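Given the sequences, and given the hints that come with them, work out the whole structure.
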Amino acid sequence: MSTQVLTAEQPRSLFNWSKLSLVGIAGFAALSILVLLAMIIWMSLHTGVPGQVSAYTLKNYVALLADPYTYRVMTTTLIFAAITIAVSVPLGFIFAWLIERTNMPYKAVAMSVLSIGILFPTFLKAMGWVFLLHPRIGVINIFLMQLFGLTKAPLNIATVPGIGFVQGMTLTPLAYVMISAALRSMNPALVEAASVHGVSKWRTLVRIELPLIWPALFSAVIWMLTVAIAAFDVPGVIGMANNIFTFSTAIYFMINPNEGLPRYGLSGAYGSIMVGLSLILMIPYFRALKQSHRYQIISGKAYQSRPVELGHWWLVAWGLLGAYFLLAFVLPMIAIFWVSLLPYVQAPSWQALSVISFERYTQIAVDDALLGAALNTVLLMVVVPTAIVIICSAISWIVTRSRMRWRVVLDAIAFLPHPVPHLLFALAIAYLALLISNVVPLYGTIFVLMVVYVVCWISFGTRVLNNSMIQVHRELEEAAQVGGVSTFRILAKVIVPLIKPGLVYTWIWTSLSAYRELTMAVFLASPKSQVLSTYIWGQWHGGGLGDAAAIAIVMIAVMSPLVTGFWIYARKLQHVASSA
Amino acid sequence: MSNVILVLCLQALLLAAPAPLHAQKLEQIVTEAKKEGEVTLVASASTFGGKKGFAELENLFAKRYGFKAKVNLTGGPSFPQVAARIITEQKAGAKSSTDLYLGSDGTYVTMHQEKALEKVNWSGIFPWVTKEMEIFPQESLLVYASFHGIIYNSNSIPKDKAPKSYEDLIDPALSPTWAGKMAIPSYIHWLVRVSSIWGREKVLAYARKLAPLVGGRLRQGEEERIVSGEFPIMASTGGPLEAMWKWQAKGAPLVGLPGSTPATSSYYQLSVPRNSAHPNMAKLFVALMTTREAQAVMEKHDMRSSYLVDGTLMAKYVKNNKLKLQDPKELNEVFQKEDTSLDEELTKILLK
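Same order as they appear, the protein sequences are chains V and Y.
Each residue of the first sequence is one higher than the last, beginning at 797 in my numbering.
Each residue of the second sequence is one higher than the last, beginning at 110 in my numbering.
Hints are computed from structural coordinates only; laboratory data are not their basis.
One or more hints might be untrue.
Below, in silico cross-link-like pairs of lysine-lysine (BS3-like), each with a Cα-Cα straight-line distance of 27 Å or less [said to hold, decoys possible]:
| no. | chain 1 | residue 1 | chain 2 | residue 2 |
| --- | --- | --- | --- | --- |
| 1 | Y | Lys425 | Y | Lys438 |
| 2 | V | Lys948 | Y | Lys409 |
| 3 | Y | Lys144 | Y | Lys177 |
| 4 | Y | Lys177 | V | Lys1324 |
| 5 | Y | Lys172 | Y | Lys409 |
| 6 | V | Lys1324 | Y | Lys143 |
| 7 | Y | Lys433 | Y | Lys311 |
| 8 | Y | Lys134 | Y | Lys179 |
| 9 | Y | Lys240 | Y | Lys290 |
| 10 | V | Lys948 | Y | Lys290 |
| 11 | Y | Lys457 | Y | Lys359 |
| 12 | Y | Lys179 | V | Lys1324 |
| 13 | Y | Lys425 | Y | Lys273 |
| 14 | V | Lys1324 | Y | Lys228 |
| 15 | Y | Lys200 | V | Lys855 |
| 16 | Y | Lys179 | Y | Lys144 |
| 17 | V | Lys1324 | Y | Lys144 |
| 18 | V | Lys855 | Y | Lys457 |
| 19 | Y | Lys161 | Y | Lys177 |
| 20 | V | Lys1296 | V | Lys1368 |
| 21 | V | Lys903 | V | Lys815 |
| 22 | Y | Lys428 | Y | Lys438 |
| 23 | V | Lys855 | Y | Lys461 |
| 24 | Y | Lys433 | Y | Lys446 |
| 25 | Y | Lys270 | V | Lys948 |
| 26 | Y | Lys224 | V | Lys1324 |
| 27 | V | Lys1324 | Y | Lys161 |
| 28 | Y | Lys438 | V | Lys948 |
| 29 | Y | Lys446 | Y | Lys228 |
| 30 | Y | Lys270 | V | Lys1324 |
| 31 | V | Lys1368 | V | Lys815 |
| 32 | Y | Lys359 | Y | Lys270 |
| 33 | V | Lys1324 | Y | Lys204 |
As the structure is a prediction and not an experimental result, all values here were calculated from the model.
Here's what the structure looks like:
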């Protein structure tokens, strides 16, 4: 085992520069969050576009609340979110229970199948679903109609329940990750006791396991709700053309209107109301988290329960997982690939087969703009997670290791981007960048995307790193402090090596998020700051369905090995951390 | 003596002031454009033949002006959405996200009223540009013109049930075929145009009958969604005939026809936003698009062209059919005097 000696820096200056730097980084990040949130409210109190002089007014709120369209959009959004939750949370729970609590075979494969789901951008899956379940061009519908001699398509993806279903399917892996963590950490003593007393598996599940993990389930529900409210991907790809408008797509049209100028004030008012509602939602979320401790039972670390015997039911379990994988990934990807080969969208037939070609792929190979978008995406995948790791380390250090009085406030501010729909931050930074474009020419640059991604994912980074840092015993740090070692060196030489799995996990997760992100990018991207997701969106929205499909396939083919490698590494690190 | 000093001072001031834009010479523009090196148009991804068309236009640009430069197309929002973005950026004092603006008459009126476009003496600088091409004098040039009309999928709508005009779309005998499945444009300019023929009340009554039949909204350039059968019909688009020619050549079941008699038309124009980041490159590109060679590229990929450029498909079509087109400048006046309450009412009925 290698040993390292930490030496004190000589001589010590009057100020603790390293501590000041950490405070500076954390303070700047917190200030950025607050400025952007304040910008949303400020926008809501003004009319006109950035740069136009206008007095403070409540006109936007009056206009918004007097417009029946607002209530229609809100109702649609709530129904959409409810269906998203109704699909993702039960499926996530079932998969988590099967993997964590039963003796289902090939669990590692099942876990990989679900993890891969997180890697594929949602909007690509939504594109695939259009070709599968649209009432007129959906291959599954056509097949069912031919099979049963139906005159009308039995399924319709171009409805509010339809887009809710697709969003729910795409969020299932996330629900699985959240719930499986709770099931894994759940103490099985009560389950064992029930088993010893001959209680049936079903009763054990309903009466013991579900109540034990309900705080985690509830947290997952709230999380899914906030994600669904802000989601642009599925409502944008499927909903917009079919006259279905949710909160995100309605805001998109306020900022990109087909008549008149962008209505920043109105969208600000919309956003402010959503911020308020989101913050209210956080009250039950925190209560649930707080209550989760009540359900923990102290026991020995080595305590392990017997997994539930599935018997022949493992075939049903795998059937369910297989069906999910097929519906959520394999079929949408095949549908996209099929469309990419055709001169125009057609259902599979011998006639269509005779015209397939790889022409679109040869065009992609010489597309400079696509290459630029790919480079921008890679840049974001490197810079954003690196910045997040640095900023979140500073914040988490202050929150968990320092004795500063305002650390609780800092933690609360760092958490704020979680409940607030991310597109509002995008809106705020777009407004701010326009407002200051004369002084600081940031508008339309990739830097704006970097900033907003970092701001929005600070909440995720600090949650992971807070948990990691809290586990590092203070003794090590205190010993170094006594020896006169600077805060920076303690952080670099003591804390960072100990929380490395958390840091790498944060880096990888945010890097993958930067790769997938469309909601914020679609509001901010300009010709100079196109990323892969906005490039494909531009093709899709501009009528180039085949081109969008071909680029999507190339994007998946090129990026999948990279992101899968990332993911495997992250899981390994997690495993190492949990065994430690 | 004091008068002499005043005159001298004025002369000095005039000499020191930058030359007005209309005095710019083609050579000066080329010299400046070389420094800029690139130009970007934000429009539908299929504009001027998309990536393929732009590659050909880039070569034409080099041939015409004697230097190589990048000519980019970025897939972006619709014409009115891009116009709104340019005006917003100008008001904020930012550079425009697009170096060029492509749009039709309806949105050009807004751009003109907002003074969002750079003044260029097009016909004075570029020998092949005529005064007639300057739809908004010294602001925009006509790049193609199209009729407005219906497009539908002939596999989804049989010939005997197909519409022959906008009125047929709400005919109870025909409309059950597309009820709840019909796409409309995501803007209401097409009905504002018809209002000059039908009158305000008829247009509003029509919109009210149309609204329950609508299943979705598409923008111009999204014809593939009709070709695929996702929507069997689109109530109106700019260039239904060109769309039909383009897609039928690929074997697709798309039919297009003018929606009204007389047919309403759109005049698609290119111009340079006042806050363009590459204004000289943009000027050269705008003028290039009015050359016969560039028009041939558009025809090849989009079947679109300008009737004001000799030898184009559209020029031949207008000549052979002895068509009297609505004067684009008159149409501009219609839009300038536009009844905003009609716009609002139509938006409420169809788009909210």
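query = What are the numbers of the hints that this structure violates, sorted from low to high?
reply = Hints 2, 9, 11, 21, 28, 30 and 31 contradicted; others consistent.
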